[in-house]
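Number of protein chains: 2
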Amino acid sequence: MTAADKRLDAYAQLIVEVGVNLEEGQMLDLTAHVEHAPLVRAITEAAYRAGARYVDVLYADAWVRRAKVEHASDDVLGWTPPWLAKRVEAFGDRGAMIRVEGDPAPGLLGDLDGHRVAHSRMRAYTEEELRLKNERLVNWTIVGYPTEGWARTVFGEPDVDRLWDAIAKTVRLDEPDPVEAWRAHVERLRARARALNALELDAVRFQGPGTDLTVGLLSQSRWGGAAEQTVWGRPHVPNVPTEEVFTTPDARRTEGIVRSTRPLAVQGAIVRDLEMRFEGGRASDVRATEGADVVRGQMEFDDGAAMLGEVALVDRSSRVGRTGVTFFSTLYDENATSHIAYGQGLLRGIEGAERVEGISQSAIHTDFMIGGPEIAVDGLARDGRVVPIIREDVWQLSES
Amino acid sequence: MTAADKRLDAYAQLIVEVGVNLEEGQMLDLTAHVEHAPLVRAITEAAYRAGARYVDVLYADAWVRRAKVEHASDDVLGWTPPWLAKRVEAFGDRGAMIRVEGDPAPGLLGDLDGHRVAHSRMRAYTEEELRLKNERLVNWTIVGYPTEGWARTVFGEPDVDRLWDAIAKTVRLDEPDPVEAWRAHVERLRARARALNALELDAVRFQGPGTDLTVGLLSQSRWGGAAEQTVWGRPHVPNVPTEEVFTTPDARRTEGIVRSTRPLAVQGAIVRDLEMRFEGGRASDVRATEGADVVRGQMEFDDGAAMLGEVALVDRSSRVGRTGVTFFSTLYDENATSHIAYGQGLLRGIEGAERVEGISQSAIHTDFMIGGPEIAVDGLARDGRVVPIIREDVWQLSES
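Those sequence lines, one after another, are chains F and S. Oh and the first sequence: position 318 is 318 in our numbering, straight run, nothing missing. Oh and the second sequence: position 41 is 41 in our numbering, straight run, nothing missing.
These are computed hints drawn from the structure, not numbers from a lab. It is possible that some hints are incorrect.
Identical chains share a label here; the pair holds if one copy fits it or two copies do between them.
Claimed, not checked - No more than 25 Å apart at the CA atoms, straight line, and that leaves these computed lysine-lysine pairs for DSS-like:
1) K169 <-> K86
2) K6 <-> K169
3) K68 <-> K86
4) K133 <-> K6
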């Protein structure tokens with residue numbers, strides 16, 4: 001077995017045992033692009049070894065989707081075939097889901113009608129999958145796999161090996177026992193969330209060059225990180241990698257100015273040196289040295305698009321941040337450093353979210369990175385204390 | 001566009017316009033292995049251009065199947081997930097089906113329990129698909145696409161380009177207008193079948209070195225070739241390539257000796273210089289310089305396995321035979337020269353087959369090649385005439 005094969009198997013084992021945390025006898029929905037076949041095969045083998053009852057692989061094909069967007073009639077464009085509706089429904093009965101990401105062909109849809117592209121996702125399928133996740137009826141995870149197209153976007157050349165190396169570091173495959181390293185890592189992030197919740201914060205404040213931003217929280221805001229649990233109590237790690245602790249802010253109470261500290265990939269464009277001002281929760285005065293129009297366009301999409309839906313804290317211990325790579329993929333980039341997201345609020349960051357006012361409602365949710373060595377992060381507690389959370393990119397609170 | 005891309009597009013167009021003969025507004029079931037993705041993409045594009053309402057691509061993965069055979073419990077092994085049952089059922093409503101063949105990994109299951117391999121096909125899915133085809137409720141075609149594994153089997157090295165060249169010749173992609181060339185070719189095979197049916201044959205006789213075989217026919221035996229029709233009258237070409245005219249013999253009336261003229265690939269083994277004797281329809285005295293055991297094993301499988309289920313005539317005009325390549329794939333090899341098959345009789349070669357006695361019943365159907373330059377083929381008519389059909393590998397009857 002080559003070193004590359006060993007690494008692939010270790011990755012598959014990590015995804016099955018830590019990511020989705022497959023239970024003996026579960027049905028597994030494994031969704032990927034055809035370009036991800038080597039990882040799909042390794043995951044399938046690992047899943048059966050872990051006691052999967054049946055592994056159902058559904059391969060997508062970006063070129064097949066392109067042909068649909070280009071040629072299919074309007075009524076078929078976002079249609080979910082009844083057999084796929086039946087498929088997603090079947091996994092709602094205590095099934096498990098793994099999705100492999102890694103765009104095989106960035107920009108493939110770039111020359112097509114944007115409206116048709118936006119409407120070409122299978123709505124019923126996507127909504128049902130989201131419901132199963134939100135109602136915690138499945139244990140699930142999202143993971144990445146390098147493709148030539150993605151490597152070209154990241155490095156300017158199709159250097160898949162280099163992207164593999166970077167991904168391997170972000171998911172701790174360089175550790176002697178990655179599964180054990182992840183268990184410790186998940187515990188550390190959970191401890192960070194516990195420490196933050198114990199502070200009973202009213203707001204978080206970011207200060208540094210070009211940034212002085214106060215993000216107000218709701219009394220129901222809860223910090224979370226790394227792991228979630230199904231309704232029947234099965235823990236799983238929805239994103240591999242993950243480095244953040246996050247919560248959902250009071251969309252009405254963001255104030256100040258902020259400057260992004262890393263480039264942002266959004267809708268196929270790159271946004272650099274993004275800056276904006278918040279007043280009464282709403283962003284204005286959006287500027288950037290590149291790509292400002294894309295952000296402005298998003299923020300005009302609906303009423304909640306220009307308000308914050310997430311605030312997340314990451315320090316320099318992040319395996320993603322330490323690679324120094326911009327992955328142009330949210331799964332990775334949002335874990336590089338502290339970030340905020342404009343648009344839809346994360347419902348899982350709120351207790352009883354459906355009854356809470358002050359959560360941003362939007363069809364948009366875009367994360368952008370605002371942390372780094374020069375950014376001090378403080379917690380403003382309800383009792384008036386100011387508590388240092390991150391200084392010089394180092395976490396200041398308890399991690400145990 | 002490169003020459004290779006042009007060839008791929010011409011092939012896809014041929015498959016859509018001649019093979020499946022897609023109707024405007026049809027749903028298309030396109031099934032393939034992940035290794036066939038380039039052809040799948042070209043077919044999808046061609047199908048939408050030809051007016052497909054929706055193209056549903058289902059990718060299979062030989063390694064995922066291997067993992068299932070190796071690990072899944074007995075009750076799941078041949079199970080059809082309900083969503084796949086719903087899928088095949090949906091195409092029964094005037095849908096179209098294209099299946100791409102070309103083994104990506106010959107021998108991949110070779111070290112596994114043969115009984116489990118045999119029982120790992122999705123029975124309900126396979127049977128429902130067969131029913132739709134037999135009841136002519138879909139227009140369908142089976143085509144090939146070269147893979148590295150297949151090329152290695154054929155040439156001893158993974159020379160995919162060479163296999164592509166051979167396949168391209170068998171399907172007439174070297175013609176200036178392949179679609180037009182196929183229309184003429186289909187007409188010629190239909191004319192051959194008409195001429196044979198007009199003779200009202202009682203038997204077909206093959207004579208040559210090591211061969212003097214008389215294959216008795218039923219009064220209901222009908223010669224067919226190239227094209228079939230759906231119940232609503234849509235013609236299609238089930239196999240691309242196809243070079244044969246064939247019928248279903250009276251399984252009780254094969255007499256004489258026969259020697260195969262080409263190697264035969266069966267169950268992963270190669271059979272060379274196969275010889276056997278027929279008495280009262282039943283084969284005995286099976287010999288070969290290589291692989292005789294495999295044939296003997298098959299013939300012992302059930303009662304009909306040692307009787308003939310098909311007789312098919314092909315002359316030297318065959319595009320497959322002219323490549324000189326043994327493809328180790330029935331889709332190609334049975335079209336190289338005249339052949340017979342032991343095992344299950346072809347029901348579509350018989351009028352009202354369910355009520356006819358004398359058709360071989362078996363779970364086996366293995367074609368082997370018995371034609372060539374030294375083999376004379378005669379028709380023995382019911383009125384006693386002896387009519388030359390093939391002499392020195394040249395067709396002797398009317399072709400118009």
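A quick look at each hint next to the structure:
Taking the shortest Cα distances, K169 and K86 never come within 25 Å of each other, neither inside one copy (38 Å) nor across copies (42 Å). In this homomeric assembly, K6 and K169 come within 25 Å of each other (Cα to Cα) only inside a single copy, at 15 Å, whereas the closest approach across copies is 42 Å. Taking the closest pair of Cα atoms, K68 and K86 come within 25 Å of each other both inside a single copy (21 Å) and across two copies (22 Å). With identical chains, the CA atoms of K133 and K6 are never at most 25 Å apart, being 31 Å at best within one copy and 44 Å at best between copies.
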